[in-house]
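Protein chains in written order, with my numbering: chain X, 1 to 287; chain U, 1001 to 1431.
Treat the hints with caution; some may be incorrect.
Okay, the calculated beta carbon distance ranges per label pair [unchecked claim]:
1) X/Arg-173 x U/Thr-1312: 20 to 26 Å
2) U/Glu-1181 x X/Ala-54: 29 to 35 Å
3) X/His-44 x U/Glu-1110: 47 to 53 Å
4) U/Pro-1230 x X/Met-35: 24 to 30 Å
5) X/Cys-159 x U/Phe-1019: 43 to 49 Å
6) X/Ser-172 x U/Asn-1149: 29 to 35 Å
7) U/Gln-1314 x X/Glu-270: 36 to 42 Å
8) U/Asp-1134 x X/Thr-246: 32 to 38 Å
9) X/Ser-172 x U/Ala-1315: 22 to 28 Å
10) X/Arg-173 x U/Phe-1409: 49 to 55 Å
Bear in mind the hints are in silico, worked out from the structure with no lab data behind them. Glycine included, C-beta positions come from ideal geometry on N, C-alpha and C.
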Amino acid sequence: MTDTPCSIEAQLENSLREIDIPPRPVILDRISAEMEKDEPDFNHLAHLIAADVALSASLIKITNSPFFGFRGRVHTPREALMLLGLNVASKAIAGIAMRRAFPSSPQLERFWDASALIARLSGWLAQRVTDRRLRADDAYTFGLFRDCGIPILLSRRPCYFEVLIEANHDDSRCFTAIEDLALPTNHAIVGSLLAQSWWLTDETSVSIRLHHDLATLNATTIPPSLNSRYMIAVAQLSEYLLQQHTQRSFTQEWVKLGPSCLRLLKLNDEDVAELLTEATLILEAED
Amino acid sequence: MHPPEAEPITGFLKRSVCFDEITQRATLATPEHPLAIIWIALDRFKRVNESFGHQGGDAYIAQIAQRLRAKIGITAQWYRMAGDEFVCLLPDCDFDHTNQIAATLLREIETPFPINKLLLHPSASLGIAILAADENPHACLERADQAMNTAKRAGGGRIVNSGVEPIPGRLGIYLARHELEIENQLHLALEQGELSLHYQPCLDSNGRVVSFEALLRCANKRLTPSEFIPVAEKTGLIVRLGEWALLEGARFAQRLAATGLPIPVAINVSRAQFTTLRFAQTLHAALLCANVNPELIELELTESLFMDHSMTVQANLRAARDAGVALSIDDFGTGYSCLANLKDIKAGKLKLDRAFVIALPQDTRAVAVVKAIARLGRELGMRVVAEGVENQTQLDALHEAGVDITQGFFHARPMPETALLAWLDKHGKTT
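One chain only, chain U, in its complex shape (with noise of 0.2 Å):
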């Protein structure tokens, strides 16, 4: 029998006592005895209720909240904030504590469980925010709410804490077995300076070499890009892969133009980078640590980014154009590309994803798709550029669609300084 404040599937306490509750607790938490706020948002419900209509989502939801209950309910106090959001108010609780609180609560979720014989896994993005000294509750329900949504845009099932930028470390991040072990390498690999950029050029269709694209690498063979870059994605340790990189990017962009080279150098940054509320500052740092005229930098950024209108991105964006670099649009048409959106991006570049390229030239769709967006990037004052290509075939047909760039192991592998300067030379210093 649940009291009459709470909400009769859940059990879990109504949404309008969170708001009066929290304010009481708020008055009991000192710094030594601080309150923690776990905002938890299912992923997907939606195409649940749509695939087994609402009685069997309002079941999906009561096992839920069951599990959760049962994982930790005589300290917690749990509220159902909306159809499939939960609040967790844990009193004298400090960031670690809550944190493995949170990283349990997430197992717990992802457990699956059969619904009408199907096994539904479920998933959750939790958002974490402590209530600090003099804070408005209200006000640290709300950081609660904007970290679960952080989560939730970087793909769900994971956790994400308020005020913190994705600092790199392993707390409170919750991974798969072989996951962790890739992290301890990745933080054996930072330890030991164990990660290089390598580069990879881009040639205009008269064989110039119009920019080159950092790539990183690691010296521990075992750890390939594709496996290491997902999990600092997950972990947040790409925001430190990602600083690293652009500080050494602008400073190799800078080398060569001291040998009279001056060849923009573009470098790849992450969400989680460009979501960080220093991120402007951090880009700043690295063009005047590298001393390097920013025009000589760009900067990837994917699709959605450009169409992330949260104010920290937009912010961002804006600072780096006011910073002087440039942008382009990373691994174009493969996301929820959106051609309406297209026209109020400020790039320099649109760079095709390579999955295009891969079909060319026998899938004469594909082809009609990159002639499409050649013609409309230049419409828009954009360069087009083709990732991936591997043969003269290809060249070929890209060229014909009329893209402008190409980069790919038909031209070089990315390479490391060194081996790369011998390549100009060899390849010619034209630009």
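Pulled out of the complex, with its shape left as it was, chain X reads as follows (with noise of 0.2 Å):
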């Protein structure tokens, strides 16, 4: 059977539909606790951790990726708990928890799997083109938690879909204006209440908020700070070069915002090739 775009929510919508949106995995809270504390029991997070084989393996995993930042070869959870440091390990978590909160659903890996690569090369560009002035951690945490609320909107709104398709599709208008005016909210406001309930910093649930506002990007008028921006554009980049990478272009997004991220982060196009060519080496890399 073809999936159309009806089939396609129609099976979304069962098997999404019961989810309440993800509660703040509780390791969160133990890791708040012990950075509270003036020597946090490192010992006793890691063996929290252990007990969860598959956040090991992923933690371990992104703590060796070149992606967030941190070249180390570790092999246990505290060992990357000692070479992230509390605060960039309890982003890492909950970019980690925060697929797992979902229930698996095989219409959403594709943009699960999008996402988090977004996410690597986000941490990677951050390193890359903003003279470290944005952290690889924040930018990777943003580039996960950024389309949050699509999913959660999917789960809800049984004519989400169809909104979807036309946002992605529209080359002028604002992507979520276009959901505003059916649904009406957009995905990037119930992300940013997402990271506000997981308390993910300030400046990550307001960039999720503006993430599509032209506005944001072009403005010495308007807060976010410049951190926040800098978080906007580089995924925004990020996702032009998977796009471009993979050849597959679901947004009308980098026509929209692209000029603007280009002029914020100072390049230009021959730059964007350059960086093209090295996202692809470590993409494939990757794969």
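Given two chains presented individually in distinct reference frames, assemble the corresponding complex, making use of the accompanying hints.
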């Protein structure tokens, strides 16, 4: 059977209808509690993480990944915690937990895979193009959480799949304005509420909220902070590089936001071509 | 000696010159070298005029103008837009720098000075707008004016940036030292996830639980709500706290409903939150995320918001009603309550300010007012709620006065969710 939007929509609805938005994982509370202590107990935390085999494996993989900005060779959760530090580790764990918090659905696999690649490319780009003004771990976390409102809306509004298609194909109107008209809310606001409820940083939740907003990228007029603008631009560039690499273009966002992203990051077309070559090598190595 | 186009008391240029010059200056602005506008209005100037006459008022204005020019006069151009309103144009000034300058100007204005043997404490409301690409400079000027008005409506003595929700942050907000300390602790509490909601039951005259009010609490015991909420309001952090509370309160209502207890949860919405353009989308997002029946959510808004006829607030009121949530008037009877306006307010509940309850039952005049409000509320189709009930005598007096619903320590303190569920078990799950 060919997947029509309607049948996909129905499947998504069935698989996701029941979910509440995922609560903040308990492990993050434990890390927060340790961070408050003068001498955090790394052994205790490592023990908690090690009890969750999949979480341990993912944390080790991320710590060893060049995308995250830490070129380490760690083998245990304790080593990962020591290398990353609790602050960064909690962001990494939030990212891992986020994907796991949603029920697995074949239709969403590609979405999550793309988010994961955008997050990793963002971590790499943060180091490569922002003179380290944007931290790799912040860029990575933002890349993962940026679109987390999408699966939530898919689960709640039967019409959202079609709205998403319309917004993806529109090369002039703001993505979220199209959602607002139909819902009336948008995945950026939903995502930022989830980020707030997980106690991610202000910068992350504000950036999620504004990540389709051209005025934010363009202006010296509006907060958020410069860091937030970098987060948005770097993730947008990552998405563009990924789409160029895979030759699958699902969105028109680069048409609308690309020039502003490049201006903010002080990049020209040649730079982008060079970055694409590097990104391709990295992505192929990853494959 | 001022130039002819200058206004004699302040030496600032006249309003009409501003409209011409801003157009010229706009042509020189680029995204890298933006043009910033600060619109300043002195707070409570009318009272100075009333107290010291126009001559005193002019001296006051001249003094402040002198301070402003002395602080920043070389690169900036100053204009007097109205009796107590000035505009400062800043070429090549980005957002952060403009906010720093605005904070400096506000500090300068707020330095007390003597007049007729009295020490005056001036204050001002500042609005900032930065010319966007392709924006009409006059429209930008209007944005600065609107931002100033927002600052004024929020109580003055503050800076508001145009086109921006009061996004949480430490940028350009003028705070006293102890408030800065509270703000820092609040940021820390947010990063560590130390905030929580406690819930206080509201009971009808038969002792049945009719709703819960969600109240913000912080695990850091040094941060009491009476301390951190005013600072959060001043810094704009209240928007983030309010959004968080909206989602968490809605999720709690959903959890209760899922266990067979469909009891509405009332959530406080601040002025800063309700005057943002995105409030409606945020409300819908929270309801969607929580997957909750909107009828189980009540938004508590102060009376002044219902009376606010700005387009944003009116649109948000409509959006809230369209979303199906209930509205209630919070802290009724303390602000500038106007009975004529009450007839136009479409709210399901009216919450009497606790100040009335404290006075019961000894203060017979307070009893009379409570009785009158209870009757008025009822006849306007609203249920009347009294907060702050601390003893049986007050409760009896309120019932006697015809108040439908009561809330306070006498029934139960605000409790975290687990304690509340235990309380409900003990109290009886009567709804």
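Violated constraints from the hint list, given by number and in increasing order: Failing hints, ascending: 2 and 7.
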